[in-house]
Structure formats: C-alpha cells, structure tokens
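From first to last, the protein sequence lines stand for chains A and B.
Just so you know, we're using the numbering used here here: the first sequence kicks off at 1 and counts up by one.
Just so you know, we're using the numbering used here here: the second sequence kicks off at 113 and counts up by one.
Simulated from the structure, these hints should not be mistaken for laboratory data.
Some hints here could point you the wrong way.
Said to hold, decoys possible - Below, a list of computed lysine-lysine pairs in the DSBU-like style, where the Cα atoms sit at most 35 Å apart:
| id | chain 1 | residue 1 | chain 2 | residue 2 |
| --- | --- | --- | --- | --- |
| 1 | A | LYS56 | B | LYS217 |
| 2 | A | LYS56 | A | LYS45 |
| 3 | B | LYS209 | B | LYS177 |
| 4 | B | LYS123 | A | LYS104 |
| 5 | B | LYS209 | B | LYS123 |
| 6 | B | LYS217 | A | LYS67 |
| 7 | A | LYS45 | B | LYS130 |
| 8 | B | LYS169 | A | LYS67 |
| 9 | B | LYS209 | A | LYS45 |
| 10 | A | LYS45 | B | LYS217 |
| 11 | A | LYS67 | A | LYS3 |
| 12 | B | LYS209 | A | LYS56 |
| 13 | B | LYS123 | B | LYS177 |
The primary structure of each chain is shown beneath.
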Amino acid sequence: QQKVQQSPESLSVPEGGMASLNCTSSDRNFQYFWWYRQHSGEGPKALMSIFSDGDKKEGRFTAHLNKASLHVSLHIRDSQPSDSALYFCAASEQGGADRLTFGKGTQLIIQP
Amino acid sequence: EAAVTQSPRNKVAVTGGKVTLSCNQTNNHNNMYWYRQDTGHGLRLIHYSYGAGSTEKGDIPDGYKASRPSQENFSLILELATPSQTSVYFCASGWDKNTEVFFGKGTRLTVV
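I would like the entire structure built from these sequences, with the hints used as guidance.
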C-alpha cells in the first residue's frame, strides 16, 4: 500500500487562479512533510517543508498540515504558467531513518 | 546552489548486461540516495547511504547494488539488467531528512 497518497492525479487551473493539492499519509510514523516540484526534463526541487500543525506561507505558496489526520495540502494562489509541473508530497518518520518517502505526484497544468 | 551530477544522462543497455550509473555531489552532504521514477509510481527509493563505505536498502532494492567509495560519489549497479529496469533514475544528496534534498537531472536508462 502506498504510504503517501496524493490527489488529484492531475489538475488544470486557469492562470491567476488558485491550485489546491492534497496529500495523506497512511503511516502514523510519518510526521515531517515536504513538497517538491519537478519541471519536465529536470530533477525534483524542494518547494517547502512543513513540520508543525497549521499553515506555513512562502510567497504565493501556502502549506497546511494536520498531524491528527496526517493530511497535508499545498495551495498556490495567483497561479502562473511557470507553475505547471509535477508536484510531489514527501514524508519522513519521526526518529526514523534519514530518508524520504514520496507520493505518486500531482500533474498541475496552468492554462494561459 | 547545491550540485548533484549524474552520468551518463542517457543509456541503452542490453538484457543481461552490467550497467553502472554514477553520481557526484560537491555539497559535502553525508546522505545520498538513488530513486527511480516511473509513470504511475512516483519516486521510489532503491538504495541510500549515510557516508563513505555505507549503503542501505531502500524500498525496492532487488536487482540493484550500490557503492559509496567516497563522500562525493555514489554509484548504482545493475549486475544483470532486465527490461523491467527501464526507467529514469535520480540521484540525490542531503544532510538529513529534515533538510532539503538536492536532486540531479536524472539518467534515462533503456534496457532492450
């Protein structure tokens, strides 16, 4: 069973709109979460981390974590064509090995 | 910007042949990782390392070996390549799971 699940698989948003991506963990040991973004032909690059309950804002990007439900979301406001990419949620265990477990990704398309 | 360099960038191998994928990082990071990316599976961890001389099995290690001869270099070895190992392979490095992990640009491997 996939330990980190993302939804939706793909998402189309008009330029200037709000994009919302979701991630849920089925493993309660996962306590630390990251969002990574991958543009076509490149390697993934970290967008932001979130380790505490609540919201974390970085520019147009806001992440939200609910540790009780192990649900993480990423919201992108004022979406730009350059935001079109594959977005991964990644999680690591509290006190566990130094490794990240990734979800399958959400393909985000921003329509000009 | 942290640098992770993979070679080769593209490789065609024959079934049953030996393949070595190389990775070099100039970040002085302790941890290095090998992932493979397949449509519908996201990023899956094959092997990782905590430092020179150490290798650990990830989630899908069967059919792969890893070697970490130095802080900078981490190799992935396919002793007997099979068509099911056709994929895009990413090397990454980082200090630990709670800091950003930096990815290379990937190696596209085709086993025929």
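Against the structure, the hints come out as follows:
no. : hint                : in the structure
1   : A:LYS56 / B:LYS217  : 28 Å, holds
2   : A:LYS56 / A:LYS45   : 18 Å, holds
3   : B:LYS209 / B:LYS177 : 22 Å, holds
4   : B:LYS123 / A:LYS104 : 24 Å, holds
5   : B:LYS209 / B:LYS123 : 30 Å, holds
6   : B:LYS217 / A:LYS67  : 33 Å, holds
7   : A:LYS45 / B:LYS130  : 30 Å, holds
8   : B:LYS169 / A:LYS67  : 28 Å, holds
9   : B:LYS209 / A:LYS45  : 14 Å, holds
10  : A:LYS45 / B:LYS217  : 10 Å, holds
11  : A:LYS67 / A:LYS3    : 15 Å, holds
12  : B:LYS209 / A:LYS56  : 19 Å, holds
13  : B:LYS123 / B:LYS177 : 18 Å, holds
Of the numbered hints given earlier, the model fails none.
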